Each structure stands twice: as C-alpha cells, then as structure tokens.
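**Student:** Each chain, letter by letter, is given below.
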Amino acid sequence: MKNYKTIVLSNQEISPGYYRMQILAPGYDAQARAGQFVMFRVQRSLPPLLRRPFGIFRTGFLAPDCDGMPPKEFIEIVYKVVGLGTEIMQDLHQGDQIELLGPLGRGFDLGAPDEDKILVGGGIGLVPLYMLAEKLDNKARSRLLMGGRTRDDIITVTEFERLGVETYVSTEDGSLGEEGLVTQVLERKLQKYPQATVYACGPMPMLDAVQRICANHKAPLQVSLEALMACGVGACLGCVVKGAGHSEETPRYLCTCKQGPVFNAEELDWRQLDEPQQDCGGCR
Amino acid sequence: MKNYKTIVLSNQEISPGYYRMQILAPGYDAQARAGQFVMFRVQRSLPPLLRRPFGIFRTGFLAPDCDGMPPKEFIEIVYKVVGLGTEIMQDLHQGDQIELLGPLGRGFDLGAPDEDKILVGGGIGLVPLYMLAEKLDNKARSRLLMGGRTRDDIITVTEFERLGVETYVSTEDGSLGEEGLVTQVLERKLQKYPQATVYACGPMPMLDAVQRICANHKAPLQVSLEALMACGVGACLGCVVKGAGHSEETPRYLCTCKQGPVFNAEELDWRQLDEPQQDCGGCR
Amino acid sequence: MTEMQGQRTTSVQRPRMEVEFAGLRLRNPVMPASGTFGYGEEYSSFIDLNQLGAVVTKGLSLRPKAGNPTPRIAETTGGMLNAIGLQNVGVDAFISQKMPFLEQYHTPVIVNFFGNTAEEYAEVAARLNDVPNVAALEMNISCPNVKHGGIVFGTEPQAAYDVVSLVRERLDKPLIVKLTPNVTDIRVTAKAVEDAGADAISLINTLTGMAVDVKTRRPRLANQIGGLSGPGIRPIAVRLTHQVVQTVKLPVIGIGGIFRAMDALEFLIVGARAVQVGTANFVDPNAMSQIITDLENFCIDEGIEDINDLIGTLQL
Amino acid sequence: MTEMQGQRTTSVQRPRMEVEFAGLRLRNPVMPASGTFGYGEEYSSFIDLNQLGAVVTKGLSLRPKAGNPTPRIAETTGGMLNAIGLQNVGVDAFISQKMPFLEQYHTPVIVNFFGNTAEEYAEVAARLNDVPNVAALEMNISCPNVKHGGIVFGTEPQAAYDVVSLVRERLDKPLIVKLTPNVTDIRVTAKAVEDAGADAISLINTLTGMAVDVKTRRPRLANQIGGLSGPGIRPIAVRLTHQVVQTVKLPVIGIGGIFRAMDALEFLIVGARAVQVGTANFVDPNAMSQIITDLENFCIDEGIEDINDLIGTLQL
Ligand SMILES: Cc1cc2nc3c(=O)[nH]c(=O)nc-3n(C[C@H](O)[C@H](O)[C@H](O)COP(=O)(O)OP(=O)(O)OC[C@H]3O[C@@H](n4cnc5c(N)ncnc54)[C@H](O)[C@@H]3O)c2cc1C
Ligand SMILES: Cc1cc2nc3c(=O)[nH]c(=O)nc-3n(C[C@H](O)[C@H](O)[C@H](O)COP(=O)(O)OP(=O)(O)OC[C@H]3O[C@@H](n4cnc5c(N)ncnc54)[C@H](O)[C@@H]3O)c2cc1C
Ligand SMILES: Cc1cc2nc3c(=O)[nH]c(=O)nc-3n(C[C@H](O)[C@H](O)[C@H](O)COP(=O)(O)O)c2cc1C
Ligand SMILES: Cc1cc2nc3c(=O)[nH]c(=O)nc-3n(C[C@H](O)[C@H](O)[C@H](O)COP(=O)(O)O)c2cc1C
Ligand code: FES
Ligand code: FES
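Protein chains in written order, with my numbering: chain W, 1 to 284; chain F, 1 to 284; chain X, 1 to 316; chain C, 1 to 316.
Hints were generated in silico from the structure; no laboratory data involved. Please note: incorrect hints may appear among the correct ones.
[Stated by the list, open to error] Computed list of lysine-lysine pairs in BS3-like fashion (alpha-carbon distance at most 25 Å, straight line):
| no. | chain 1 | residue 1 | chain 2 | residue 2 |
| --- | --- | --- | --- | --- |
| 1 | F | K80 | F | K192 |
| 2 | W | K218 | W | K192 |
| 3 | X | K215 | F | K80 |
| 4 | W | K5 | W | K80 |
| 5 | W | K192 | W | K258 |
| 6 | F | K72 | F | K2 |
| 7 | F | K258 | F | K5 |
| 8 | F | K258 | X | K65 |
| 9 | F | K192 | F | K139 |
| 10 | W | K258 | C | K65 |
| 11 | X | K173 | X | K249 |
| 12 | C | K215 | W | K80 |
Nothing here was measured: the structure is a model prediction, and the numbers come from that model.
Whenever a hint applies, use it, and build me the whole structure from the sequences.
**Tutor:** What follows is the structure, encoded as structure tokens:
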C-alpha cells in the first residue's frame with residue numbers, strides 16, 4: 001500500500017461512456033491481487049474533493065525502454081462516466097499527473113486449480129473479474145458470464161476471450177448474446193457444474209439474485225461490493241455494509257474498503273443489502 | 001457588454017511569468033475602448049470561484065478563413081501569474097473553453113489629437129496602455145514610459161515600438177534601460193512637455209508618485225486602478241475605492257468596476273489610496 | 001463561441017412554473033438574493049429581468065449608508081467572504097432613482113431593507129408601503145441593534161419578535177423576514193418571526209467567517225469578519241431550510257450556495273416555495289436564467305407537470 | 001512518478017517547531033482530527049506517526065457503538081457530510097487492542113471520547129485516566145444528552161459546564177474540550193468550559209448540514225443530517241478560533257478545513273497553539289506530513305526561528 005504521484009499513460013473510450021486508463025504504477029504488478037482497488041485523484045483538481053475508488057483491471061509491464069532501466073509497471077482501470085469525478089477523468093491525457101493510493105482492500109480468494117469456477121459480471125462489475133480470470137490457474141475449468149443492459153455495457157469481451165476463458169454474453173435488450181438477465185445463465189451453468197465456486201461483481205440487484213441462486217445450489221460465492229468511500233483505508237468508517245447477524249439491536253458493520261470489497265457471501269447480511277439506502281447515489 | 005462562452009486561440013509565455021492570451025471575442029473590436037477590462041472564467045473550473053479581471057491589451061480580426069464567413073474578432077490579454085486563477089490560466093491551450101464577460105468599465109478619455117501625451121506604465125500596468133497608444137490619433141506627440149523592477153517586467157516593448165510611439169525604459173535594478181524609477185523619467189518629460197496629459201497604470205505606490213508629480217506640474221492625469229472584484233458590473237460593491245472628499249464622516253466610495261477602472265486623478269482621494277488595506281492581496 | 005442557451009426545442013408540454021405564496025404570484029420560483037444583484041439595472045444587459053420570478057434589491061436603510069473600508073471581499077475555498085457593510089443609496093433615493101427602472105418590467109420587485117434600531121426598520125417599511133410597484137418587503141434581521149449593545153436582532157428571539165411586530169404594524173404589503181444562520185436553534189427564531197406576523201421566511205443570510213493573509217498576518221477583510229456565501233455553505237442552508245419548513249406554517253424561500261438547478265431542487269424538495277441565487281450571479285450572470293431553464297427541463301424529464309408538485313416532497 | 005516529498009536540502013538553520021501547552025509537549029503543532037485517522041494504525045503505512053505532533057483517536061464511548069445506517073457520507077462542494085454515528089470499539093477494547101500499537105511510537109496519544117450522559121463521559125475518562133501512555137483526553141461535547149431530551153451538551157453552556165466539571169473530577173490527565181460551532185455565541189460555551197476546569201479547547205467540530213438526492217428525493221445520508229467538514233468551512237472555523245482565543249486564557253487547538261500549511265497558518269496566526277487536520281487526510285494521506293514540512297519552510301522563508309513566535313500575531 002502506497003500513495004504517490006504518477007502519470008497517465010493512456011486513456012481511451014472503449015465503449016460509449018466507458019474508458020480504459022493505463023497508469024504508471026510501480027510496485028503494483030508484484031503486490032496487487034485480483035479484486036483489489038485504488039483510490040484515484042486528479043491532481044490539483046478540487047472538486048472533486050474526495051478520491052474515487054476503482055477496481056484494478058490488470059497490472060503489467062511496459063515494453064522495456066532502450067535505456068537499460070528495469071521495465072516499468074503499470075495498472076489499468078476501466079471506468080464508466082457517471083458523475084463529477086469520472087467526467088473530469090475522461091478528459092485526462094497521456095502525461096497528466098494524478099495520485100494513486102493502493103493497492104487497497106481484500107481481493108478474491110483464488111481457490112484450488114481443480115475446481116470449477118463461474119465468474120459473473122454485470123456492466124462495470126466485469127472489471128475486477130478480468131484480473132481474477134488472468135490469475136486463475138486452470139482457465140479451462142472457468143466460465144465467465146457477462147451481463148449488461150445493452151451491448152454497450154459488455155466491455156472488454158475480446159480481452160477475456162484472449163485469456164482463454166469461455167464467455168457467455170447476455171443483455172437485457174438482446175442487443176448482444178442471449179436476451180435476458182445474466183442470472184438465467186448462471187442458473188443453467190450451476191446445474192451443469194454443481195460443484196462450482198461463483199465469483200460475482202455488479203449492481204446490487206444482480207448480486208442479490210446471484211446470492212439467492214448460489215444459496216439454492218449451495219455453491220460457494222465471493223462477491224465484490226461497492227460503497228461510498230472517503231478514505232479507502234478503514235479510517236473513516238463511511239463505507240460500511242451490514243454483516244451477517246446484523247440487527248438493530250446488535251448491529252454488525254463491515255468496512256467495504258478494508259474487510260472487503262470482496263466478501264464471502266456468508267459474511268454479509270443479505271436481507272438488508274438491497275435496502276434502498278444501501279444505494280450509493282448512482283450505484284450501478 | 002455581453003457574457004458568453006468562447007475559446008482560447010493561443011496562450012504563450014512572453015517573459016518569465018507573463019503570458020499573452022488570444023481569445024475569440026465577437027463584438028469586442030467594435031465595442032471595446034482602451035482601458036476597459038473583461039471578467040475571465042475558466043469553464044468548469046472551481047476553484048477559483050470568482051472570475052478574474054484583466055485589462056484588454058488589444059482587439060483585432062483574425063486573417064479571414066476561406067469559408068467566405070466574415071473575419072473573426074479576437075481580444076488579447078496579457079497577464080502575470082500570481083495566484084490560483086492565473087496558475088490555472090497558464091495551462092490553457094488553443095481550443096480550451098472559457099467564459100468572457102465584457103467589455104466592462106470606463107476606459108481612457110482619448111483627448112484631443114493636438115495634445116502632448118505621456119503614458120506611464122509599471123509592470124503589468126502596461127497592458128491597457130497598449131490599446132490606448134494604438135487608439136491615439138497623433139502617435140508622434142505621445143511618449144511611453146515603461147517601468148519595472150527588472151528587465152523581465154518590461155513586457156511587449158516591441159509591440160509598442162511597432163506602433164510608432166517613442167518609448168523610454170527604466171528598471172529599478174538597471175537590467176534594462178535607465179536605472180531607477182519610472183517616475184524620474186516622468187519628471188523630466190513633464191519639464192519638457194509641460195502641457196502634456198498623463199495616463200498611468202501600475203502599482204499603487206507608482207500611481208501615488210505619478211499623482212504627486214502631475215499635481216506639482218498641474219498636468220491632467222488619468223489613472224487605471226485595480227481592486228478586488230466579485231461581479232465586475234457594479235452589483236456587489238466589493239471593488240470600491242475612496243473618492244475625492246472621502247472622510248470617515250462623509251464617506252464617498254466609487255466602484256472601480258463601473259465608475260473606473262480609469263479615473264481622473266481629481267476624482268480620487270489620494271491621501272488614502274496608499275493605505276495598506278487598499279492592497280488587494282497580491283497587488284503589484 | 002456559443003451564446004449560452006438551454007431551451008429545448010421540442011413539442012413537449014412545458015410544465016407550470018408559477019408559484020404563489022404570501023400574496024405573491026411569481027412566474028417561477030427563481031430570484032436573486034439581496035446584495036448580489038444591485039438594484040436590478042446592473043445585470044439587466046446580461047439577463048432579461050422579465051424572465052425572473054422576482055427581483056430582490058440590495059438592502060436599503062433609512063439614510064444612505066457608505067459601507068465598510070476595503071478590502072471588502074475575499075475568495076475562500078468554495079465560497080467568498082464579504083463585508084460590504086450594507087452600502088446603499090437609502091430608501092428615498094431608491095424610490096426616486098432606482099424604482100423607475102424596475103417599473104419598466106412586469107416582474108415583482110421585492111425590496112430588502114434593514115435598520116440600526118427597531119424604529120428605523122419600521123420607518124423604512126412605512127416609506128416603502130406607499131410605493132405601488134413594490135410587491136413585497138424582505139426584512140434583513142442579521143443587523144446589530146445599536147440601541148442594545150449591538151446584539152444582532154436575528155440572534156435574539158425576543159428582539160426578532162419585537163422588531164418584526166413593529167414593522168408589521170406599519171406595513172400592509174407582504175413581509176418576508178430573512179433569518180441569520182448564526183444561531184443555535186433556528187426554529188426558535190422562525191417561530192418568533194411567525195408569531196410576530198411575518199408572511200414568509202427567507203433563509204439563509206451569510207455565515208460569519210474570517211480569513212487571514214498569512215504573509216501580512218492581517219485579516220483579509222478590513223472589517224476583520226465577514227459573511228460567507230457560495231456553494232460551500234449549501235448543506236448548512238438546506239439543513240436550516242428543512243428545519244424551518246418543519247417548524248412553521250409560513251412559506252419559506254431557500255437561499256445559500258445555489259449555483260445550478262440541482263441545487264435549487266434540493267431546497268424545493270425540502271419544502272422551500274422559491275429560491276434565491278446569490279454568489280452564483282457573480283460567477284455567471286446567466287446563472288438564474290440557466291437554472292430556470294434546467295428546472296423546467298428537470299420537470300419534463302421527471303414527468304412533473306407543475307413545479308408545485310415537487311415542493312416539499314422529501315422522502316424520509 | 002515521484003514519491004511525495006518536500007524537505008529542503010539546504011544548510012539553513014531549521015526553525016524550532018515544538019509547542020507546549022496544557023502540560024503537553026508536541027514535536028510540532030500538527031495532529032489528525034478525531035474520526036479521520038482511525039486509531040492511528042489505518043494510516044501508519046502512509047505516514048510515519050513519529051512525524052506527527054500527536055495522534056488523536058476516533059471518539060470512544062463506554063461501550064462499543066455500531067454507528068448509523070448507510071449511506072454515511074456524501075460529498076458536497078468544497079466539503080463532505082458525514083453521519084458515521086460515532087461507531088467505535090469502546091474504551092476497553094481500545095485500551096486492550098488499539099493502544100499497544102500506538103505505544104510503539106513516541107508520539108503523544110490524545111484520546112477523543114464522548115458519552116450519552118454526563119456519567120458516561122466521566123466513566124470513560126476515569127478508565128482512560130489509568131492508561132499510562134495516554135497523554136491527554138479530548139472530550140467531544142457535540143453529542144446529545146439522552147437524559148435531557150437529546151439537547152447537545154455543547155449547545156447549552158450550563159450542560160457543558162456540568163459535564164466538563166464531572167469529567168474534571170475523575171481525570172488527572174490534561175483535558176481538552178472540543179466545541180461545536182453550531183451555537184449563537186461560542187464565547188459563552190468557551191467560558192463555561194474554562195470555568196469548569198478544562199486545560200485546553202479545540203474547535204471546531206463539524207457544522208450540521210444536509211444534502212438531498214434530487215432524483216430519489218431522499219436525504220443523501222440515511223441519518224438525514226450530518227456534519228459538514230472540509231475546506232469550505234475554514235473561514236467559519238478561523239473566525240470561531242479567533243473569537244475563542246480572544247475570550248479565554250486556555251490554549252486553543254484550531255480545526256476545520258485545513259488542507260495546506262497556509263491554512264494551518266491562519267489558525268496559528270489568530271492564536272491557536274496547534275492544529276488538527278481532518279478531511280484532508282482522506283484526500284491525501286500525506287497531507288499532514290506535507291503541512292509540517294511546508295510550515296518549517298514558511299518559517300525559514302519568513303525568518304522565523306521558533307514557530308511559537310508566529311502564534312497569535314494577527315495584526316488588527
Ligand atoms: C471498491 C470499488 C471499486 C470500484 N470499481 C470501479 C470500476 O472498476 N469502474 C468503475 O467505473 N467504477 C468503479 N467503482 C465505482 C466508482 O467508484 C464510481 O463510479 C465513481 O466514484 C463515481 O465518481 P463520480 O465522481 O463520477 O460520480 P459522482 O456521483 O459525482 O460521485 C459522488 C460521490 O459518490 C461516490 N460514488 C458514486 N457512485 C459510486 C459507486 N457506484 N460506488 C462507490 N462510490 C460511488 C463517489 O466516489 C463520490 O464520492 C468502484 C467502487 C468501489 C467502491
Ligand atoms: C480592472 C483590472 C484590470 C486588471 N488587468 C490585469 C492585466 O491586464 N494583467 C494582469 O496580469 N492582471 C491584471 N489585473 C489583476 C488581476 O485581476 C489579478 O492578478 C488576478 O485576478 C489574480 O488572480 P489569481 O487567482 O492568480 O490570484 P489570487 O491572489 O489567488 O486571487 C485571489 C483573489 O484576489 C483577486 N486579486 C488578486 N490580485 C489582484 C489584483 N492585483 N487586482 C485585482 N484583484 C486581484 C483575484 O481576482 C481573486 O479574487 C487587473 C485587475 C483589475 C481590477
Ligand atoms: C456581496 C454580498 C452582499 C450581500 N448583501 C446583502 C444585503 O444587502 N442584504 C441581505 O439581506 N443579504 C445580503 N447578502 C446575503 C445574500 O443575499 C445571501 O443571503 C447569501 O449570499 C447566501 O446566498 P449565496 O450563497 O447564494 O450567495 C449579500 C451577499 C453578498 C455575497
Ligand atoms: C468521517 C468523520 C468522522 C469524525 N468523527 C469524529 C469523532 O469521532 N469525534 C470528534 O470529536 N470529531 C469527529 N469528526 C470531526 C473532525 O474531528 C473535525 O472536527 C471536523 O471534521 C472538521 O475538520 P476538517 O474540516 O479538517 O475535517 C469527524 C469528522 C469526519 C469527517
Ligand atoms: S472508506 Fe473510509 S473506512 Fe472505508
Ligand atoms: S466588482 Fe462588484 S461592484 Fe465592482
């Protein structure tokens with residue numbers, strides 16, 4: 001975990017309203033785990049006041065320079081333009097100075113290589129699943145279910161396919177892949193691979209449905225959550241989510257930034273996760 | 001007077017810390033008078049909250065496009081980087097969107113063509129004098145005295161010379177032209193041209209000295225002042241300056257933005273103009 | 001280069017934007033905040049005064065007031081401090097020299113006023129009572145009472161009650177009382193003002209603040225302290241507006257840090273019947289016009305036919 | 001990519017940065033504000049705790065406190081609202097689980113605490129009184145008194161006096177009392193707290209605010225209202241600090257919107273002996289470190305040999 005000033009390497013629109021940004025990020029390739037995130041800040045920009053959290057899409061090394069120096073590490077984030085901060089981000093160019101705090105939080109548990117795995121991503125929720133898929137030892141036994149409202153929300157398909165992960169696409173309007181919800185597909189896949197571990201990231205209603213299906217099938221489930229965050233390091237207690245066993249009398253809150261963003265489904269209180277007040281403004 | 005969104009045409013450093021910006025500005029060439037100013041805002045930028053006032057250096061027309069449209073008007077401003085707003089301004093590029101409110105305030109009274117005229121500018125105070133010099137009918141009878149701390153503060157000399165105005169340069173450190181204060185030169189010139197009208201813009205201590213010299217010589221004087229401004233149009237009453245006859249008991253305040261920024265020396269209360277509280281933060 | 005604009009050129013049914021309260025009928029709920037729009041004329045080349053819900057004047061006193069020494073303003077993060085010192089031409093010069101300009105427009109004129117004593121307040125109100133085209137008065141009670149040790153009228157419920165009662169006796173026109181936020185419990189002042197016979201409440205006036213120039217080690221305002229306004233204070237203003245709406249039956253006008261339609265909507269949703277735009281006018285003379293257009297568009301997008309259907313619809 | 005840094009590598013004589021007050025001796029006048037720095041450990045991989053003037057903990061109560069439902073935070077222009085609801089591990093768990101980490105450093109630990117009743121306050125203080133490495137206590141009186149209709153202790157001078165007196169009886173360590181800005185006249189509270197035996201005053205806690213999501217028409221905080229912090233409130237905090245310094249003899253710690261050394265200097269110049277940095281930590285975990293460096297550099301540039309020579313040097 002570090003905080004430093006660094007620069008944007010590239011920033012491109014990859015689908016209407018979705019951008020992919022490469023950032024010079026020493027230390028990340030060695031340290032970052034799938035499911036972790038960064039707190040991103042546009043330097044000298046105020047507003048926004050607070051940093052914005054983004055999942056790590058992937059890490060890597062730049063092609064080495066001819067200067068004999070060790071190759072440079074980068075991370076990539078993929079973000080959807082939704083408000084003040086992301087609107088400013090979309091205008092960033094190569095060389096612009098930013099600040100990066102990370103890698104933060106608890107990532108996915110990669111499990112054993114000989115397990116079946118089903119990755120379920122909705123819209124921007126696909127982001128952390130890419131790094132997860134990349135790190136999985138046995139890609140042949142992993143399937144990725146991609147869901148979105150329209151074809152525009154199905155981002156980075158080619159990247160996933162290049163990894164050699166079997167992918168299934170569904171859209172609510174049928175503009176790409178199967179028409180309907182990604183959870184339909186999950187239901188079918190779990191029937192086919194009843195021993196599978198499920199990894200999911202996406203909007204809360206999707207996660208809620210995924211949780212129900214997994215509970216029915218008794219399939220282990222890891223979910224990656226979003227929450228409003230101020231600090232990202234467990235200091236402000238702004239990002240909490242209700243934990244299993246939470247009640248008015250014995251409240252039990254978990255920090256999404258530190259104890260998450262990836263949780264085992266059993267750790268969470270699912271009855272209350274879909275309450276409207278859990279909605280973080282524009283939670284998708 | 002108009003307020004509109006427009007774009008930066010160019011923005012270049014012309015001396016260390018001094019920039020010259022060309023802005024697309026329909027209507028200004030016909031309307032703007034020498035000594036008037038604009039309220040400038042970097043769009044979508046907050047902070048700074050308030051607009052920043054800048055004198056108009058010159059107006060003009062771009063070389064006509066081959067599209068058959070009438071040629072486009074522009075203005076130029078010349079600014080010194082001193083704080084938050086000007087720091088952001090120095091990073092603007094061609095095509096960046098900004099907002100312009102103006103032309104504002106009372107400009108210089110150009111007087112009669114057959115008068116001797118002496119223009120006295122200190123540092124950034126040279127800005128409104130350029131447009132003034134340009135508009136004067138009889139440049140042969142006009143002299144420009146340029147003062148500054150060092151050679152870096154003597155900006156846009158070549159532009160003035162190109163106008164055909166006789167220019168005299170003095171710097172406090174002697175790094176360019178005569179060593180000493182511009183007011184020394186003024187004293188000499190007024191002896192030579194005792195009927196001259198004086199136009200001055202620059203830091204308050206300079207204006208104060210100029211006023212004393214002119215009063216001694218009974219030379220008519222017009223000065224252009226700076227003041228902290230919020231609105232620029234006479235609505236907030238933030239920019240006032242003490243008028244002639246001002247006292248604690250019968251206070252008499254004039255709006256720099258509306259009744260100025262150019263005042264006849266007799267309109268102002270010179271005893272109090274050099275009080276420290278008149279200093280607007282970084283007044284130069 | 002584009003002239004600022006925002007009107008949609010669709011055939012959609014435009015929502016009803018008029019609001020009515022305290023005997024006023026406004027074209028829309030948007031008006032300038034006192035002291036940020038001069039006497040109307042200053043901004044009239046940038047914005048069509050006929051577009052506005054009302055015009056609110058700079059605060060007027062019985063005699064002309066010179067105001068404070070300079071510097072009078074200082075920019076702060078997300079706001080500005082001002083200590084103008086209520087400089088104004090005085091009520092009589094306003095009536096003779098400034099009203100005629102405003103009478104050219106068919107927009108209601110709300111005259112903001114103040115005094116140094118309760119009697120002065122009452123006297124200003126009485127003089128304005130006879131001016132036909134003055135639609136309503138807005139009484140600024142954030143002023144020190146020189147007869148009572150300089151305690152600000154608006155911070156003492158009893159003093160607020162007394163001065164509003166006195167004005168009420170002399171005034172037939174609608175009386176809006178503008179509250180100061182610099183109190184422990186604004187509900188108490190609001191109640192006092194309601195009991196004293198106000199027709200509406202507007203809030204908030206500026207919060208008291210101070211800034212220091214660290215190089216010279218002087219306060220950045222000659223007056224040392226000044227009033228903080230701008231977007232940074234909006235959450236405080238929304239909270240206070242909410243509290244007052246919950247406390248009194250009077251209609252409320254929300255003020256504080258409104259820069260965009262979204263900001264105005266916060267106040268309307270918590271229950272304000274109208275809003276005033278202050279500091280935003282300095283930043284963008286077109287701000288009110290844009291807010292009006294965007295409020296209409298918001299209503300269209302949300303399927304709201306009458307903006308009154310939005311007012312006070314906070315979901316708790 | 002550059003690691004953040006700012007130390008000048010010149011041979012200039014470094015200024016004296018230590019400040020002393022209320023029996024505390026701090027390496028420099030910069031410390032975190034309660035609730036924005038966890039229990040110290042959370043930020044320890046980003047900032048060397050040994051660099052700081054002191055560490056101030058999250059507010060502690062007698063029993064663990066769960067805090068409010070979510071959403072608990074909302075960004076506003078130039079600030080943020082929070083309604084964390086004082087979630088904390090409780091004083092006993094703090095002593096057994098959190099103190100050992102802090103004891104690894106030689107930076108004074110200031111423990112912030114609160115209660116729902118005066119007795120609870122006193123009991124928490126008593127338990128902390130016996131913890132050797134706790135350097136001082138900071139008492140947050142911006143909490144509702146559940147025994148008295150939920151009136152906030154800090155808004156009632158008598159209630160403030162009573163609760164501080166009670167704590168004073170049970171506490172030998174230095175007692176800092178942290179004031180709420182949501183009052184008509186903070187000088188009255190400051191005086192009450194001084195009379196009740198406080199050793200120092202810190203201010204300000206957050207201002208009460210509210211924000212509304214205009215699409216859902218709900219408050220953006222589940223708790224409806226929350227505390228406003230950040231750079232937008234700084235002018236209010238500077239003004240209140242100035243007023244309190246002028247009123248009491250106690251040393252004062254300034255808090256509110258401090259993001260840069262320039263901001264800290266405003267408080268020191270009006271007379272604060274130290275400052276606390278809150279929201280800025282979220283934006284930049286390195287903020288305090290940068291502020292300390294820049295304060296030193298400011299002293300060097302201005303030829304100030306001892307930072308104490310700056311304190312209270314406001315030119316009026
Ligand atoms: C752990 C984590 C990982 C994330 N990963 C990604 C990602 O890979 N790609 C991506 O596009 N988005 C991701 N998000 C959501 C992303 O943080 C928000 O979309 C972003 O903060 C919106 O900022 P804004 O200023 O554009 O929106 P605004 O609505 O203007 O933001 C206002 C405030 O709300 C917060 N906020 C708004 N939406 C969200 C949200 N959905 N989740 C959390 N905070 C929110 C902002 O951070 C800010 O504090 C992630 C969120 C979390 C918590
Ligand atoms: C009528 C007029 C004409 C001007 N013409 C020019 C010009 O041609 N070229 C040029 O470089 N400068 C000019 N100035 C000064 C210019 O407005 C300031 O340098 C500029 O506003 C500084 O902004 P900042 O954000 O960089 O500084 P900051 O110090 O961060 O500004 C803080 C606040 O103080 C105000 N301020 C600071 N210095 C001045 C000042 N000297 N005068 C007025 N307000 C100030 C700012 O507008 C802002 O509100 C003019 C000022 C006036 C009133
Ligand atoms: C420069 C200035 C002058 C003001 N003068 C007055 C005044 O004369 N009377 C009054 O009641 N309020 C006055 N106010 C307060 C505003 O009307 C308004 O209540 C306050 O600025 C908050 O709104 P805002 O944040 O939109 O500016 C003034 C505010 C400013 C900034
Ligand atoms: C998320 C958050 C939690 C806070 N928790 C506490 C607390 O537990 N006790 C307390 O006395 N103040 C608390 N505060 C108030 C801060 O200590 C500080 O007084 C306030 O934020 C103003 O400073 P700032 O503008 O630098 O943030 C909290 C503030 C924030 C933003
Ligand atoms: S974001 Fe601050 S505790 Fe999680
Ligand atoms: S700047 Fe507002 S009156 Fe001059």
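**Student:** Indicate, hint by hint, whether the structure satisfies it.
**Tutor:** Comparing the hints with the structure gives:
no.: 1; hint: K80/F to K192/F; in the structure: violated (33 Å)
no.: 2; hint: K218/W to K192/W; in the structure: holds (14 Å)
no.: 3; hint: K215/X to K80/F; in the structure: holds (20 Å)
no.: 4; hint: K5/W to K80/W; in the structure: holds (23 Å)
no.: 5; hint: K192/W to K258/W; in the structure: violated (35 Å)
no.: 6; hint: K72/F to K2/F; in the structure: holds (17 Å)
no.: 7; hint: K258/F to K5/F; in the structure: holds (22 Å)
no.: 8; hint: K258/F to K65/X; in the structure: holds (19 Å)
no.: 9; hint: K192/F to K139/F; in the structure: holds (17 Å)
no.: 10; hint: K258/W to K65/C; in the structure: holds (19 Å)
no.: 11; hint: K173/X to K249/X; in the structure: holds (19 Å)
no.: 12; hint: K215/C to K80/W; in the structure: holds (20 Å)
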